[in-house]
Amino acid sequence: MPKIDREAIEPRLAQLLYDKQERRKLGPYIPRTASEIEEGLQRLFARQGINAVPRNVHRMGGGASKEQFAFDLEGDVRPEFSRCVLRMDPREGIIETCRKREAQVLQAVYGKAPVPPILCVDGDGAAMGQPAMIAGFIGGVTKPSAGGGGPSGLKANMGARVSEALTPQFIDVFAKVHAVDLATARLDDFAMPRSGTTDAALWQVNYWTKVRELEETDSLPLLTLAETWLYDHLPVCEQPVLLHGDHRLGNFLFDEDSLEMTAVLDWELAHIGDFHEDLAYDFEPLFGSRDADGTFLVGSMFTTGHMIATYEALTGRTVDPKVLHWYKVMTSYKLITMNHTSSIIAARDGTNHQNALLAFLAAVTAELSSTMCDLLSEDMA
Amino acid sequence: MTPNPTIRLASLLQTLEHVIFPAVDQKNSLAQEQCGLVLGQLRMLIQHMPYFGEYHGMCFADLAETVGQLPAHAGGEQSAAAAEALSATLGEAKGINDVLAAYHLLGRALEHLMRLAAEDGEPAYRRAVDSAVLAFSKRQSLRARSWFKEAGFDHAPETLPTLAEMFGHGFVNLSSGG
Numbered sequence: 001m002p003k004i005d006r007e008a009i010e011p012r013l014a015q016l017l018y019d020k021q022e023r024r025k026l027g028p029y030i031p032r033t034a035s036e037i038e039e040g041l042q043r044l045f046a047r048q049g050i051n052a053v054p055r056n057v058h059r060m061g062g063g064a065s066k067e068q069f070a071f072d073l074e075g076d077v078r079p080e081f082s083r084c085v086l087r088m089d090p091r092e093g094i095i096e097t098c099r100k101r102e103a104q105v106l107q108a109v110y111g112k113a114p115v116p117p118i119l120c121v122d123g124d125g126a127a128m129g130q131p132a133m134i135a136g137f138i139g140g141v142t143k144p145s146a147g148g149g150g151p152s153g154l155k156a157n158m159g160a161r162v163s164e165a166l167t168p169q170f171i172d173v174f175a176k177v178h179a180v181d182l183a184t185a186r187l188d189d190f191a192m193p194r195s196g197t198t199d200a201a202l203w204q205v206n207y208w209t210k211v212r213e214l215e216e217t218d219s220l221p222l223l224t225l226a227e228t229w230l231y232d233h234l235p236v237c238e239q240p241v242l243l244h245g246d247h248r249l250g251n252f253l254f255d256e257d258s259l260e261m262t263a264v265l266d267w268e269l270a271h272i273g274d275f276h277e278d279l280a281y282d283f284e285p286l287f288g289s290r291d292a293d294g295t296f297l298v299g300s301m302f303t304t305g306h307m308i309a310t311y312e313a314l315t316g317r318t319v320d321p322k323v324l325h326w327y328k329v330m331t332s333y334k335l336i337t338m339n340h341t342s343s344i345i346a347a348r349d350g351t352n353h354q355n356a357l358l359a360f361l362a363a364v365t366a367e368l369s370s371t372m373c374d375l376l377s378e379d380m381a
Numbered sequence: 001m002t003p004n005p006t007i008r009l010a011s012l013l014q015t016l017e018h019v020i021f022p023a024v025d026q027k028n029s030l031a032q033e034q035c036g037l038v039l040g041q042l043r044m045l046i047q048h049m050p051y052f053g054e055y056h057g058m059c060f061a062d063l064a065e066t067v068g069q070l071p072a073h074a075g076g077e078q079s080a081a082a083a084e085a086l087s088a089t090l091g092e093a094k095g096i097n098d099v100l101a102a103y104h105l106l107g108r109a110l111e112h113l114m115r116l117a118a119e120d121g122e123p124a125y126r127r128a129v130d131s132a133v134l135a136f137s138k139r140q141s142l143r144a145r146s147w148f149k150e151a152g153f154d155h156a157p158e159t160l161p162t163l164a165e166m167f168g169h170g171f172v173n174l175s176s177g178g
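Listed in order, the protein sequences are those of chains U and F.
All residue numbers for the first sequence refer to our numbering, where the first residue is 1 and numbers rise by one.
All residue numbers for the second sequence refer to our numbering, where the first residue is 1 and numbers rise by one.
Hints were generated in silico from the structure; no laboratory data involved.
All residues carry an ideal CB built from backbone N, CA and C; glycine is no exception.
Possibly wrong hints are sitting among the right ones.
What the hints assert, rightly or not - Listed next, with one range per pair, are the computed distances between beta-carbon atoms:
#1 F:158 <-> U:233: 42 to 48 Å
#2 U:232 <-> F:97: 50 to 56 Å
#3 F:9 <-> U:306: 35 to 41 Å
#4 U:43 <-> F:25: 51 to 57 Å
#5 F:84 <-> U:294: 45 to 51 Å
#6 F:162 <-> U:48: 55 to 61 Å
Please model the entire structure based on the sequences and the hints provided.
In structure tokens, the structure reads:
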């Protein structure tokens, strides 16, 4: 059996992780004020030759990983940028991601799926102080006004009317993203796993294991059990595709009147990999709910069987239950790792704008661990 | 000894909830969200306060018992060294007063063994270690879900014991594999 290369990680992602270790030495992070952001925007626009002035800068709610500000833009810009959103890295967060990559993938899917247009990127934070990206503002809600639910759009009740309208759009977007032509997509900061190899799977285990190596403060033997299992069962990916990486309830907007999906958001975990990975992520119990009969509903809207059948019909691909199972374990591994490591470190060191949220979210490890135990039990029984 | 920490925390909670938070700018969405999180976390802490020692003790006792009952090592040199180190760590951890620190010390030694057993452990030995870890993890997950039930993430909170039941009434399924 060939030796596994446990250092094989996308170069850009590895660099981000190591840069973060250095940045941590700067100490706690104080959330930016609206006036500080306005000054930064003026610097950024001047550097990038954008002849426009930001007005009415104000912080947006939510955002466990990025600071977000909305503002109006007056000047020489296209109509879709008359109102914009600044998406900026805090010093540290629950995940470490790249604004340049996020902008590249948004530009790659623009026109194919409902996503915001990109105005500009401050990839190294030279103007804003932290890496940032500016996109056109798109209206909509993440859940029905009366849908309840918890942080980050979790546990919302979508209701029959909304579910019926959004289900085909949700799956259709999924298929369209996976159909992006990687040869022409200009994803310069992304690495491409080799077709017909285990690269796609290996890079994922390696990346999240590296996060643990660098940022784990507490012991969690269950994670190491999953780690060794994942390395033992790496699946081959025949044809890598563009993945959203965080495709779930809470990460898309829709118009509450027309029930049209207006935007798919939060592309920061996008990468190239196995299509089963996005499916498995959607099937994580935390991102759905159960109906009165106890049947799991993806995004609190539809069954896993419906998702698989519709996806197969739209794409011509066949879902392999074994590969899907592997990526379910991988999803658990990824989610527990981010909550169990980076989230706790940022909360401990005060390096995020939402330290209280990160400390609170760490409690979700208990629920995620239950799912991982169930998944591993299927294989180890 | 007085006032006890629970009373001190409860007084903070009441002041924040009824005096300070209502004065926070309603238009400041970040500040408003943080108020809700602070209240939720403080309420959980107040619930946890009487039980911290017992909770950590229960988790450590189960981990120590799990490690103590692992089968004799079978396999190559790397996992043999890790198994020996784990035995030594078990003895060391039992002598540490800070039970939370002892738990993580012992857990890390167990994780080291798991990784090396995957490299050169006999398949049957590795299966036994992994099975013991999975069984422990199921109990630990149930304990943690009960501990964090009020955070609102659980899929079946109604099936979980209260903290008083978990510690005060000998909820044996959570305490060990026995």
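A quick look at each hint next to the structure:
1. Distance hint check for residue 158 of chain F and residue 233 of chain U: the Cβ-Cβ separation is about 35 Å, which falls outside the suggested range of 42 to 48 Å.
2. Our hint of 50 to 56 Å for residue 232 of chain U and residue 97 of chain F is violated, since their Cβ atoms are close to 38 Å apart.
3. Separation of residue 9 of chain F from residue 306 of chain U is about 47 Å and departs from the stated range, judged on CB atoms against 35 to 41 Å.
4. Our hint of 51 to 57 Å for residue 43 of chain U and residue 25 of chain F is violated, since their Cβ atoms are close to 27 Å apart.
5. Evaluation of the 45 to 51 Å hint for residue 84 of chain F and residue 294 of chain U yields a pass: the beta carbon distance comes to about 47 Å.
6. Separated by about 57 Å at the C-beta atoms, residue 162 of chain F and residue 48 of chain U satisfy the suggested range of 55 to 61 Å.
When each numbered hint is compared with the structure, violations occur for hints 1, 2, 3, 4.
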